[in-house]
Amino acid sequence: MVLYMDLTSPETDISDQTTLIQLRLWTIPVLVVLIVLAVGMTVLCLNFSYYIVFQNLYYLPIILVCINYPKRGILFTTGISLVYVILMIAIPRNPSLLVPVLIRFVFFELVAAVIVRLCIKKTESETAFQLERDALAVTLAAQKDFIESELEKNRRLVHTFQETDKHDQHLFNQLQVPLLVLNKDLYILRVNNAFSTLVGRQQEDLTGRNLSTIPLLEAAARKPYGKAMELALPDSDGIFHPSLWSFSAVYSLGDPVPAAIVAVGQLLTEQQ
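In terms of the working numbering, the sequence shown opens at residue 99 and continues consecutively.
With a straight-line cut-off of 25 Å between C-alpha atoms, the simulated SDA-like cross-links for lysine to any residue are:
#1 Lys169 with Arg215
#2 Lys282 with Arg307
#3 Lys242 with His257
In short, the hints are calculated from the structure, not lab data.
Please build the complete structure, drawing on both the sequences and the hints.
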């Protein structure tokens with residue numbers, strides 16, 4: 099199973115944008131409720147000469163705006179903080195509350211500044227990640243095209259090789275003299291129809307077998323190359339067919355070990 103996300107697909111981005119829009123649709127009514135709640139509790143508490151705790155309600159709209167609208171977070175915080183200061187000064191008219199009120203004003207601004215900074219860093223990180231993801235998607239697309247191109251080349255080469263091999267085997271089979279090709283360890287690589295007919299065995303049965311399956315030929319193959327030897331090979335019915343055989347080694351350039359050994363036979367008739 100492939101464990102990676104399709105970076106070229108837009109479904110994820112569309113889903114994220116839809117979710118963000120849905121959340122922001124709820125932000126404004128919730129924000130209005132929180133502002134009314136904070137201001138209303140302030141007025142109510144001040145009228146009853148209660149000066150603590152209710153100030154914490156202002157953090158809720160401040161946090162909400164700073165998270166969802168970072169660019170307007172500081173301005174909004176300053177505005178609602180001024181409302182708080184005005185209410186704290188105008189309603190109780192107690193000069194001793196001025197210093198605590200100003201300290202609370204500073205706290206509101208500090209909290210807003212920290213949240214806005216964190217949100218900006220988050221946005222920058224998301225932007226950088228998106229750029230990296232887009233670059234990765236382009237790289238993956240290029241790699242995909244390259245791989246597909248290489249696979250197509252390989253398929254053409256395989257097809258060409260198969261056709262060439264069929265053509266070579268067809269020509270090999272058209273030769274009227276028995277032929278077989280061995281590797282250096284005397285394993286049969288290829289035989290033609292004339293050889294199959296001579297020994298009375300199918301090509302599929304012979305290919306891949308060691309030449310020891312035909313003892314007379316194995317003994318001849320181990321002798322010096324280039325000399326013709328007369329052998330009588332039996333067919334599947336036990337009838338012996340006199341033939342003249344010659345083995346030749348084929349070498350790769352610069353390699354002293356034979357790459358292949360070719361055996362060529364010639365049936366001997368009574369006239370011969």
